[in-house]
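Visitor: Protein chains in written order, with our numbering: chain A, 1 to 186; chain B, 1 to 186.
By construction, these hints were calculated from the structure, which means they are not laboratory data.
Where hints are given, some of them may not hold.
Unchecked claim - With the Cβ distance kept under 8 Å, some of the chain B side facing chain A (calculated, not the full set):
#: 1; residue: Thr5
#: 2; residue: Gly26
#: 3; residue: Ser28
#: 4; residue: Val55
#: 5; residue: Asn58
#: 6; residue: Arg60
#: 7; residue: Tyr61
#: 8; residue: Thr93
#: 9; residue: Glu110
#: 10; residue: Ser112
#: 11; residue: Arg113
#: 12; residue: Gln128
#: 13; residue: His131
To be verified - Far from chain B by the CB rule (all over 10 Å, computed), these chain A residues:
#: 14; residue: Val62
#: 15; residue: Gly78
#: 16; residue: Asp176
Claimed, not checked - Cβ-Cβ distance ranges computed for the label pairs, FRET-style:
#: 17; chain 1: A; residue 1: Thr19; chain 2: B; residue 2: Gly136; range: 28 to 36 Å
#: 18; chain 1: B; residue 1: Thr56; chain 2: A; residue 2: Gly182; range: 40 to 48 Å
#: 19; chain 1: A; residue 1: Arg4; chain 2: B; residue 2: Thr169; range: 40 to 48 Å
#: 20; chain 1: A; residue 1: Gly182; chain 2: B; residue 2: Glu69; range: 36 to 44 Å
Here the structure is a predicted model, which means the values were calculated and not measured.
In this text, a Cβ means the ideal position worked out from N, Cα and C, and glycines have one as well.
2 protein chains.
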Amino acid sequence: MHDRTFTFMGGEVGAWDVTDMATIVGESLPSVPHVEFLRGVESASDSRSWVLRGVTSNQRYVTRAEQEELVAIQPTLGRAESTRAALIPIRKTDEWWRLSQDERRQIFEEQSRHIVTGMRYLPAIARQLHHCRDLGEPFDFLTWFEYEPEHQAAFDELVHALRATEEWTYVDREIDIRLTRGSARS
Amino acid sequence: MHDRTFTFMGGEVGAWDVTDMATIVGESLPSVPHVEFLRGVESASDSRSWVLRGVTSNQRYVTRAEQEELVAIQPTLGRAESTRAALIPIRKTDEWWRLSQDERRQIFEEQSRHIVTGMRYLPAIARQLHHCRDLGEPFDFLTWFEYEPEHQAAFDELVHALRATEEWTYVDREIDIRLTRGSARS
């Protein structure tokens, strides 16, 4: 694998403490006390209850104008003050994947305003999207968010807004894992 | 991996005999006498000089109207009379992958007429596209074509037409491997 691969591991150890884990739709994931998030491929081990992998990749829907707006305001991961995070693995239905590119874009942005909605929460909420459908993983995407504790309500609002969209009617598995950076860890 | 994964192996054995192997641009692949093409993941072995993997996936540029036209006329792989094939692994530049979705679509179809050009050779030439950029493979795509011997000239014409496009200025590695179904094999 290449340097765009990231591994998320749930288990007994990890830099992030799980504060809440909710199955929004579909099959759940085993509950875990900690999550680790690493660049590269990491193997499963006894201390890991589950291991999920994804790769950062090229944009699939964003136009040039949207991309420029995003680049201008989106923050990087790893800000010291961003002690809250969320890992939200998502799978979409076969029906979604059978849609043509223009139909998916139409639902994603023209109807569901996914890009515009997300942009309203920048730069407070840093995000990274990992693709995994073509890796044969159980989810299609691993979405990762980081923010300061004071932006918790804003993050909840963002997540609820997206779940109310037409796009989300094509989501058939979603787990919402909320995290706090472990205080005793680096 | 899942049932959308395909493995292409070049080496001493394989159902397809290599009749010609040309490096169009970029680093070459070792010359081999045979190519095997299998569904699923196959490991490297002594008799294999190279192993390439890709997955069939959702369409990235095709609109609903184009998709319907394609579905109506595109043939399946494995036609008994299609005794000629081509495996053309392709990599595109980082510049291509940094383009936004609308810019890539603009170059792919509005300027380069990739879909319309390919459609002119249907149903004579059966095709299957395998994606591998996100798998950490050395190529971004493994393109596979099957046709009858009488359509050899048409296939050459198609390949030359695509190589003359704006889209192909973003291709920085391409190997053209021509194949004949081995007569002594099933």
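Visitor: Look at each hint and say if it fits the structure.
Guide: Quick rundown of the hints versus the structure:
A least Cβ separation of about 7 Å between B:Thr5 and chain A falls short of the 8 Å threshold, and the interface hint therefore holds. With 8 Å as the threshold, the beta carbon of B:Gly26 stays out of range of chain A, its nearest partner Cβ sitting at about 17 Å, so the hint is violated. For B:Ser28, the interface hint is violated, the least distance from its beta-carbon to any beta-carbon of chain A being 21 Å, above 8 Å. With 8 Å as the threshold, the beta carbon of B:Val55 comes within range of chain A, its nearest partner Cβ sitting at about 5 Å, so the hint holds.
A cut of 8 Å between beta carbons decides the hint on B:Asn58: the least distance to chain A is about 5 Å, and the hint holds. With 8 Å as the threshold, the beta carbon of B:Arg60 comes within range of chain A, its nearest partner Cβ sitting at about 6 Å, so the hint holds. The beta carbon of B:Tyr61 is positioned within 8 Å of a beta carbon in chain A (closest approach about 6 Å), and the interface hint is therefore held. Hint status for B:Thr93: violated, given a least beta-carbon distance of 12 Å to chain A, over 8 Å.
Taken as an interface hint, B:Glu110 does not check out: its beta carbon lies about 13 Å from the nearest beta carbon of chain A, beyond 8 Å. At about 16 Å, the closest approach between the beta carbon of B:Ser112 and any beta carbon in chain A exceeds 8 Å, and the interface hint on this residue is violated. The restraint placing B:Arg113 at the interface with chain A is violated, with a minimum CB-CB distance near 16 Å, outside the 8 Å limit. Taking 8 Å as the C-beta contact cut-off toward chain A, the hint placing B:Gln128 at the interface is violated, the least distance being around 15 Å.
The interface hint given for B:His131 holds, since its Cβ lies 6 Å from the closest Cβ of chain A, which is under the 8 Å cut-off. For A:Val62, the shortest C-beta to C-beta distance to chain B comes to about 5 Å, within the 10 Å cut-off, and the non-interface label is violated. The Cβ of A:Gly78 lies farther than 10 Å from every Cβ of chain B, with a closest approach of about 22 Å, so its non-interface assignment holds. The beta carbon of A:Asp176 is kept farther than 10 Å from every beta carbon of chain B, the shortest such distance being approximately 25 Å.
For the pair A:Thr19 and B:Gly136, the supplied restraint of 28 to 36 Å holds, since their beta-carbon distance comes to about 33 Å. About 41 Å separates the C-beta atoms of B:Thr56 and A:Gly182, a value consistent with the hinted range of 40 to 48 Å. Distance hint check: the CB atoms of A:Arg4 and B:Thr169 are about 24 Å apart, inconsistent with the given range 40 to 48 Å. Checking the proposed 36 to 44 Å range against A:Gly182 and B:Glu69 shows it is violated: the Cβ atoms sit about 55 Å from each other.
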